[in-house]
Each structure stands twice: as C-alpha cells, then as structure tokens.
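Turn these sequences into a full structure, and let the hints steer you where they fit.
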Amino acid sequence: MKVFHSVYRSFIFVTIVICLYSLVASELIFFLFKGDFYAKMNNHKITSGNTNEMKIYRKPFSVQKGKRFRILSIGGSTTYGVGVNTTFTWPHLLQEKLDNNFPGKYEVINLGIKGGHLEEFIQNYYASLTEFISKGDWDNNLVNGNLKVPHADWGWKDLNPDLIIMAPTIADMMSDFVSERNRMAVFAQYLLHLLDGTWFSQNAAICFYISKELATIDFNNRKEPTNEAQKLDLIQRDYKSHLEQFINLWRKDIPIYIVGFPVLFKATDGKDNVEKAARYWNIQDKANLYKNAALLPKFVDMGQKIETAIAIKYNIRHKELGEEIRTLPFNDRLEYYMDSVHMKSKGTQVLAEQIYDYLVFNKFK
Amino acid sequence: MRLRNRTISFAGIIILSSFLVFVADTSAADSIREIANIIKEEMVYPRECRYILPAVIPSKAHDVRKNEEFLTVAKKLEIMGIVKLTQKDGITKIVPDENNYDIIQPNFNANYEVLSIDLILGTWGIAVTEVKTIMSKTIAVGQKSLIKRTRLYEPIMGVLDDEQKKLYSATPMEWEIVMENGDNKVKEKQVKITETSR
Chain A
1020 MKVFHSVYRS
1030 FIFVTIVICL
1040 YSLVASELIF
1050 FLFKGDFYAK
1060 MNNHKITSGN
1070 TNEMKIYRKP
1080 FSVQKGKRFR
1090 ILSIGGSTTY
1100 GVGVNTTFTW
1110 PHLLQEKLDN
1120 NFPGKYEVIN
1130 LGIKGGHLEE
1140 FIQNYYASLT
1150 EFISKGDWDN
1160 NLVNGNLKVP
1170 HADWGWKDLN
1180 PDLIIMAPTI
1190 ADMMSDFVSE
1200 RNRMAVFAQY
1210 LLHLLDGTWF
1220 SQNAAICFYI
1230 SKELATIDFN
1240 NRKEPTNEAQ
1250 KLDLIQRDYK
1260 SHLEQFINLW
1270 RKDIPIYIVG
1280 FPVLFKATDG
1290 KDNVEKAARY
1300 WNIQDKANLY
1310 KNAALLPKFV
1320 DMGQKIETAI
1330 AIKYNIRHKE
1340 LGEEIRTLPF
1350 NDRLEYYMDS
1360 VHMKSKGTQV
1370 LAEQIYDYLV
1380 FNKFK
Chain B
389 MRLRNRTISF
399 AGIIILSSFL
409 VFVADTSAAD
419 SIREIANIIK
429 EEMVYPRECR
439 YILPAVIPSK
449 AHDVRKNEEF
459 LTVAKKLEIM
469 GIVKLTQKDG
479 ITKIVPDENN
489 YDIIQPNFNA
499 NYEVLSIDLI
509 LGTWGIAVTE
519 VKTIMSKTIA
529 VGQKSLIKRT
539 RLYEPIMGVL
549 DDEQKKLYSA
559 TPMEWEIVME
569 NGDNKVKEKQ
579 VKITETSR
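Residue numbers (the working numbering), protein chains in the order written: chain A, 1020 to 1384; chain B, 389 to 586.
Hints in this document: simulated from the structure, not taken from any laboratory.
Take these hints with a grain of salt, some might be off.
List of simulated lysine to aspartate or glutamate pairs, DMTMM-like, C-alpha gap at most 25 angstroms [what the hints assert, rightly or not]: (1) Lys1084/A x Asp1172/A; (2) Lys1305/A x Asp477/B; (3) Lys1363/A x Glu1339/A; (4) Lys1310/A x Glu564/B; (5) Lys1176/A x Asp1272/A; (6) Lys448/B x Asp1172/A.
From a predicted model like this one, the values you see are computed outputs, not experimental measurements.
Okay, structure coming up:
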C-alpha cells in the first residue's frame, strides 16, 4: 500500500512538473517569437495577400464559390498541363464539355501543380502555396529545416468543392520520408490559427512540435532500403498512407474520383522501344529514358493496386483511363506523348472525354 | 490466214509481255512499299522535325558561332511572342510561353527547370525509290523531306545560315536493312551530307 502511495505521489509530482514546464516553456517561447513561433518553427512565411497567389496554377480562379457545382481537379504536372496549351489541359477540356452540355451549371478548377506531390497537396489544403517548390527542394530542405514556403491566406479547403477529381502523380510514388514531420508542423500551425493563439493551442502546438521533432529523429534513423523490393515496399506504404490522409482531409459527403493516367512505357516494352522513343524525340542522352522505361510501369502498377484498395476501403470511385492509348502499337502510342509521362493535346482530349463520361455515368455522385 | 495468225501471236506476245512487265513492276512496287514500311516502323516516321534551343545562352556545350545562332533564333521567337528572354551578366535565359506548346516543347529536369526547348518545325516523312540487295543486305535508297511545316518553319529558316537550312530540307537517304534474331534492324544515313540533322 505504501509503495502504491509513493508511486501515486511521484506520478502526481511528475505530472505537475510537466504541466508547469509546458506552460512556462510555451509562454516563454510564444513571448520570444511574438506569436510567430509556429510560423518560424516551420520556416513558413505567411503572406498577406500581396503576392500573386495564383501563379503556381495554370489558370486563375475565384476562391469564393458561386452558384455553380464546383469540381476540383487535383494532381501534378499532368493535371497542370505540362506539354499542352492551357486550352488543351484536361480540366479545361472538361469545363468546355460540361459548358456545352450543361451551360452555366459546372465549374472546374485546375489545382494541378508542376511536380506536385501529395505532401504538398496536404499542405495546400490548409494554406495554398504560392510558389513552385520542387520535390527535391521539399525533401532536402525540410530535413535541413530551411525551407521557405510562401503561403496564400486561403487553402484548398476554402474552395468548398462539390466534387473532387484526384489524378495522383508519379511524383507521389517517389521516395518520401519527411511528410510526417511536415504534417505535424502544418497541423500545429493550423491549430494555432483555429484557436486564435490561446494557451490551449500553444500547448497543443508544443505537443505537435515535439511530435514533429520525434518524426525527424525517426526519419534520421530510418534505414535506407537495401534492395529494390524493399524500396518499392516502402514507397508503397508511404503512398498508401499519404493518399489515405489526403482523402481523410475532405468532408465525407464530397464525392472523390480517383483517376489514373497511362504512361508511355508498358512493362513489356523493351530496349527497341526506348531507342524508338529517343529517335522520335531526338534525345541523345538516353539514360533517363531507359530509367523511365524500367521504373514507370512498376510505379503505375503499384499505384493502381493501392488506388483500387483505397477506393474500396473508402467507397470512392476509381478508374484507369486511356486504355485505348495503352493498347496501341508503340509507334502510334508515341504520338500521344511529349515525353514518357506527359501527354500532347491528342491524349488530353481522350482523357477529358473519358472523365466527362465517367462523371455523367455516375451522376456526379 | 497465216498473216492473221501471226498478228494474233504478235498481239498475244505484246499482251503477255505487258502483263509480265506489269507483274514485275507491281512486285517491285510492293517490295519498295514493304521496305518503306519497315523503315517507317523502325525509324519512327513520320516524326517531328525539331530544332533544339538551349534554355540558357551561351551554352557551354556549343561554340561561339553556334551560340550566336541560338541567340538570333531566340530573339526571333521573342518577337513572335513564343518565348520571353531575360538577360543578366551576358547570360540569356529563355522562358517558353505555355500557350505555344503546340510548336515548342520544353525539356525539363526533375525540378521542372527548363533545360532546352525543342522548336517543332514540321514533320519528317520518307520516300523510298529503289531497293537493292548487296551481299545479303537490303539497301534502300530514297529521300527524307518535310511533309508538313509548322508556323515556325519559315521564320526560323529566315534566320539560319545556308549550311543550317540544309539540315531541315529534303535530303537523299540510304537505309540498310538487316534481319537480326527474327527482327528487322535498320541503319539510316544521309547521302552526301555528313552532318546529322536533329
């Protein structure tokens, strides 16, 4: 009994010390950084609406929602429309098709970002980035802690969508270890904003700050996979986790459609086809092309499996598009692409057509 | 009667020989068509004719003369509103306009920085005129020419020197077709002009 009392007393003492420490530390840090602590902690620069908040997007749009049914098209460079004129991006073509058949009823917003990746999408949910940050910079600088991320004072959540079309990118499947750390930081910042800098939010944010540091330690101690199978397994787990987290950000009543785009190379394409592609695009240094031919079909296959599993788990729609392009002979397939991933207008027209049919078939639900 | 029979025989010979010439000609034409299809399949014709412009001038990979040519082309494109040029400390950076991607195709690195810009001048097509067999190798002779020209062709040709212009004009070609492991392998070379066009 005495032992129990002693442990109980120690527990109470430790709890009080932790609470006091937390209170003093958070107040002290908050005072020192004059309320900008969380922004400084994450090296975030909060913009005051003076910067061009739309410059990372292909086409400006209004944050304020009007009367039209709002469709967000979220993705990377294939959604942004690298390789095609603005009028031939698939979101633009979809808008045209909808306007022709349902005048004034639907609005499609292109949130595609060049080199965009899921981590960035999660960040954009809370506060939209205003500058393009390459995946390499994102990963390296988050580890080093000196990334400057300029934000707009609105996030994708403020766009209040009625439907989301999500076109995950190949970049999402590249190795990605730091998102957990970043997410903690973003959440801390969001929490502070939400609770208007109260004592509670400071303490809560401190907890997230600690979590963030723990995630960093975890990241730093994470062993690099030694073989390709382990690497693919790790990428697969990361991709699944990020995709789920992104889906969970949105209200459950908003329909989410996941669409997959075909890439040029199939697993069955060999050296001859790589040589043909190099000839077609006049590429002298073929190393990247060989790498793409070897890796892209594996990533696409892996992505499809994960997306299918997630679609079933969350009861959302998922469709792989461009089957008629995928099944063409290689030389004919080449005509649809500007590189191994990005399509020319000939390809984006096929995609837009199929997305339109898919939406109408499912009655936008 | 004899004369009549002779006339018939003579007419018969003419018809028969015409038929044989026709058959031989058709089979030669078929052979040329077949070889042309093999070349098109292996060498990916028709394909775009591209002029590759580095995104930063001067480019270290090229000499002074070539860099001057790039700068002239870039300035022409700027006048046409197809690219924007920024100049600092003697270095010119070329920023492609995203609404001209039908005629210019930028090549990016993994960080989406533009490394070079392909100017699409038109579409190369080929025509095979003769097929020979030399030492068990099939040799096809013909020419490569632009079967389509984009709106960039004339302005770019207007600023290139005669030597460069030749690279984007009709060129006599020779193709060597060899069967390797059940597949056709094609080697292509330009006749007379030694420099390869890009």
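Evaluation of the provided hints:
1. Lys1084/A x Asp1172/A: Since the Cα atoms of lysine 1084/A and aspartate 1172/A sit roughly 16 angstroms apart, the hinted pair holds (cutoff 25 angstroms).
2. Lys1305/A x Asp477/B: violated (33 angstroms)
3. Lys1363/A x Glu1339/A: Holds. Lysine 1363/A to glutamate 1339/A sits at ~18 angstroms (cutoff 25 angstroms).
4. Lys1310/A x Glu564/B: The hint is violated at about 29 angstroms.
5. Lys1176/A x Asp1272/A: holds (14 angstroms)
6. Lys448/B x Asp1172/A: Violated, at roughly 43 angstroms.
Hint compliance for this structure: hints 2, 4, 6 are broken, all remaining hints hold.
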